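Can you build the whole structure from these sequences, using the hints too?
Here are the chains, one letter per residue:
Protein chains: 2
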Amino acid sequence: MEISAQLAGIKPSYIREILAATQAPGMLSLAGGLPASELLPVSQLMQAMESLAQSPEVFQYGETTGYAPLLDFLSAKHGLPSDNAAMVCTGSQQAIDLIARAYLNPGDTVAMEAPSYLGALQVFGLAQANIHSIEQTNEGPDLNQLETAFATGSIKLFYGVPDFHNPTGVCWSLAVRKAVADLCNRYQVAFVEDVPYRELRFTGTALPLVSSFSPNNAFVMRSFSKVSSPGLRLGMVSAPKEWLAALVKIKQASDLHTGLPMQAVLLSLLRSEGFPKHLEMVRSNYKQRYQVLYQALEPLFGEYCECDTVEGGMFVWLKLLKSQAMDVTRTLLEQNVAVVPGDVFYSSVDITRPALRLNFTHSSLAQLEVAVARLSDVLRAQV
Amino acid sequence: MEISAQLAGIKPSYIREILAATQAPGMLSLAGGLPASELLPVSQLMQAMESLAQSPEVFQYGETTGYAPLLDFLSAKHGLPSDNAAMVCTGSQQAIDLIARAYLNPGDTVAMEAPSYLGALQVFGLAQANIHSIEQTNEGPDLNQLETAFATGSIKLFYGVPDFHNPTGVCWSLAVRKAVADLCNRYQVAFVEDVPYRELRFTGTALPLVSSFSPNNAFVMRSFSKVSSPGLRLGMVSAPKEWLAALVKIKQASDLHTGLPMQAVLLSLLRSEGFPKHLEMVRSNYKQRYQVLYQALEPLFGEYCECDTVEGGMFVWLKLLKSQAMDVTRTLLEQNVAVVPGDVFYSSVDITRPALRLNFTHSSLAQLEVAVARLSDVLRAQV
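Line order of the protein sequences matches chains R and H. The first sequence begins at -14 in the numbering used here and counts up one residue at a time. The second sequence begins at -14 in the numbering used here and counts up one residue at a time.
Think of the hints as simulated: they come from the structure by calculation, not from any bench. Where hints are given, some of them may not hold.
Pairs involving identical chains hold if they fit within one copy or between any two copies, as the list cannot separate such chains.
As the list claims (entries may be wrong) - DSBU-like, lysine-lysine: derived pairs with alpha carbons at most 30 Å apart: (1) Lys163 with Lys141; (2) Lys226 with Lys163; (3) Lys(-4) with Lys141; (4) Lys226 with Lys(-4); (5) Lys262 with Lys304; (6) Lys262 with Lys226; (7) Lys62 with Lys307; (8) Lys262 with Lys62; (9) Lys163 with Lys62; (10) Lys272 with Lys304.
Note that the structure is predicted; figures quoted are calculated from it, not measured.
Below is the structure:
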């Protein structure tokens, strides 16, 4: 049976092969974007489940927007503007998809940083949107390119990951945040602010959301995968009420609502006395993994690769000075080390830069060191 | 911001108003499609949750297709053909959406019974598909109309609910099942078999799935909302492997996968010794509610309305002989009784028949009797 045009437009993804390969025994994987399994708050979640018997309504059909007590808690916690509304989604990934389905027609144009989050590229690909790529500096998107793009009048949405960007780890500066909000307002481009890594800052001071400077012109997507558990598949999207209403209609047709029991469990976890301590532990643990990775990489800098420091998140972006990313990736895989070649994070092969995305949150300190030792050998041998 | 063409094509739904009204205090609701809250296996689910600590992998990211032990169990239980594959979805509703996104282009035509399930009408509306309506007899779809439609060569999918149809309660006869499978095969139209009520048979003998006569030409969607808990939002879709692979790609982009902990909990529940007894209890309870509703309606038959008997499911379809469905619905709402006017289950107002869908699984026996007493007054007064 012939597949739809939207599905036919999705490119086969090399990253699926890599991620499949990471399941092989003995593989050291710096490829995925997985939190450390041993740090997931399993016992806290188990404890939170015990209280579900007091909320039997979570086993019946519910509202499309999600479990109301969770929405109330999150709206208060994040100081949601009164003319905004929120909905729980099956991960923040689903929110990107709902936005695309509610607001994009085939041929519409979305601006994105280059490189950008692969899952968002896939969603906008399904929506048959054109991608207008904006180069990323180490302070965020290139503002001149952004304004030039907006001035064409053809950009409908600007999708960005301002906090510890996937794949680069870049955190947008305060000045860039204000400027992006201002440009989006001026040119009436809706900003799609995806902040799954926002709570994973282990150095420096938190910066305001871009949307805090333009709350009536943005969608904000939060994820609970990085701070609680990805297996729950829970995220939240907030937006001006009218914009959110459009997403609710799509979600109602597509799955009625996200499963409720784990929404109640998440609420108990987030409210629990021990949660801030858990989060602090995760941050400090990830900081250590990052430092070990970075220090292991340092001897390669200047000659073989470059790498900016990061203040949080799950990834570093290793720019290759002498090698091609796909070559290095393939050779490393033969040596049981999985990484992601930077190429997959670009909407077009014409604009790729040779780089690797390295995840530091799912491997032990020892595994990180072994992986870098093998990477080092590969880079030195390839020259 | 302008919404997309797919969203703009969705009609505002009167059923949302009705369902919102059902929340009012004192409302007797025969409107929704909810299982009885007091029969949900909450304590069994709570018990099943205790074992999650032994499966910590359900808290990490997983495969898009779902929790493998659940898929294995269900594939064995349902005797899935070896060249078919299955995926867990966020309710069977999501499976309809995935099929539409993977296989339909705007302007493609889907055949459906008239009346038909509203959630499927919404999905195919989002897909901007044309609906070719096939009249329903009390044995299933009209086969002559179906063959005439198929012979045009323009039908891509035929969506049907053969077991205790929503909204009519009709169960397709064995002859119709075989004939539909045969026609779909002959004209190469994929059959989309939606069986959320299949396990809710309380009289008569189970009939084979339509797809059992053409396993290489059908999608099958099963729901766990009616037999375990709708709040979990868990369903399953199975299809020939290649067809399923297309759905997996769409699901990966749209939400990565459905939440895992409740998939493991569902598996424990389905495997538990007490589950067959639970299901038997639900069936016998629903049978009693159905009988009370039907007997209360009987004095109205012939003069004011007609109603075929049903052998399972959650609904009866009350054909009105002298009144308009919207009028009756509005007047009943003023008297705190909510029902769904049949009009909403048709793709076009031109083909509607005056009828009401009455749900018998979410009201007590006493509530059903009071609701019918008020309905009786309204029907008699309207003549």
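Hint-by-hint comparison with the structure:
In this assembly of identical chains, Lys163 and Lys141 lie within 30 Å of each other by CA distance solely inside one copy; the values are 19 Å within and 50 Å between copies. Taking the shortest Cα distances, Lys226 and Lys163 sit within 30 Å of each other inside one copy (23 Å), while across copies they are farther apart (49 Å). Both within a single protomer and between protomers do Lys(-4) and Lys141 lie at most 30 Å apart by alpha-carbon distance, with minima of 23 Å and 24 Å respectively. In this assembly of identical chains, Lys226 and Lys(-4) lie within 30 Å of each other by CA distance solely across copies; the values are 20 Å between and 34 Å within a copy.
With identical chains, the CA atoms of Lys262 and Lys304 are never at most 30 Å apart, being 35 Å at best within one copy and 62 Å at best between copies. With identical chains, the CA atoms of Lys262 and Lys226 are never at most 30 Å apart, being 34 Å at best within one copy and 46 Å at best between copies. Proximity of Lys62 and Lys307 under a CA criterion of 30 Å is satisfied in neither setting, with 47 Å inside one chain copy and 55 Å between copies. Taking the shortest alpha-carbon separations for Lys262 and Lys62, only the intra-copy value of 17 Å comes in at or below 30 Å, while the best inter-copy value is 44 Å.
For the homomeric pair Lys163 and Lys62, the shortest alpha-carbon distance inside one copy (23 Å) is at most 30 Å, but the shortest distance between copies (57 Å) is not. Taking the closest pair of Cα atoms, Lys272 and Lys304 come within 30 Å of each other only inside a single copy of the chain (21 Å); across copies the shortest separation is 67 Å, beyond that limit.
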